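Protein chains in written order, with our numbering: chain X, 1 to 113; chain S, 1 to 113.
The hints are simulated quantities; they were obtained by calculation from the structure and are not laboratory data.
Fair warning: there could be bad hints in the mix.
[Stated by the list, open to error] In silico lysine-lysine, DSS-like type, Cα no more than 27 angstroms apart, as pairs:
#1 X:1 - X:108
#2 X:1 - X:71
#3 X:105 - S:24
#4 X:17 - X:112
#5 S:78 - S:24
#6 S:78 - X:105
Everything numeric in this text was worked out from a predicted model, so none of it was measured.
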Amino acid sequence: KNQVEQSPQSLIILEGKNCTLQCNYTVSPFSNLRWYKQDTGRGPVSLTIMTFSENTKSNGRYTATLDADTKQSSLHITASQLSDSASYICVVIDGGSQGNLIFGKGTKLSVKP
Amino acid sequence: DAGVIQSPRHEVTEMGQEVTLRCKPISGHDYLFWYRQTMMRGLELLIYFNNNVPIDDSGMPEDRFSAKMPNASFSTLKIQPSEPRDSAVYFCASSSTGNSPLHFGNGTRLTVT
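Using the sequences and the hints given, assemble the complete structure.
Written out as structure tokens, the structure reads:
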């Protein structure tokens, strides 16, 4: 069964610290993996898209990694800011004809001053 | 572009009543998706359209749910009759192609009492 598991479920860090969020998946065949940021009361917003051949991709203070062999991805946030407080959702798109999106349940990050 | 626009932002209704959620996708986007988000299950795809045609409605929970897209700039999700277990945040999203990132609206928070 195609699944996306994220850890931790929630995380609290102090402003200025770094953190890493994990995403493990069993989706096969694989097409690409996306990280979304969802602020409270808002819809998710795309942060990165990673294809099979990409190992690392950065978007400002956000760096995503992908290991297609172990089916793992991580999202690293550097020098966290209060505005990073949000849920981060990992989405894997399968490589089948319909390109289904399989969503993780997200990691809720709280950045405290 | 104003992004994906959903209305209403909040809806409170009594069990048994009809509920209609509305969505205006980003102009030029050929794909429109309806999702439901709950704490327990995360984001779940209900139905998606391509060029106004429903492609996959396998996520629609039951016959009480129906969705239409009469033109490229408008879609509705209707629940009739509504039940307390339908309480959730309903998101509409659009994308330009099947492989493009999704652009989400800010959702409609539905509460059925």
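Just pull the numbers of the violated hints for me, sorted ascending. When the structure is compared with the hints, none of them turns out to be violated.
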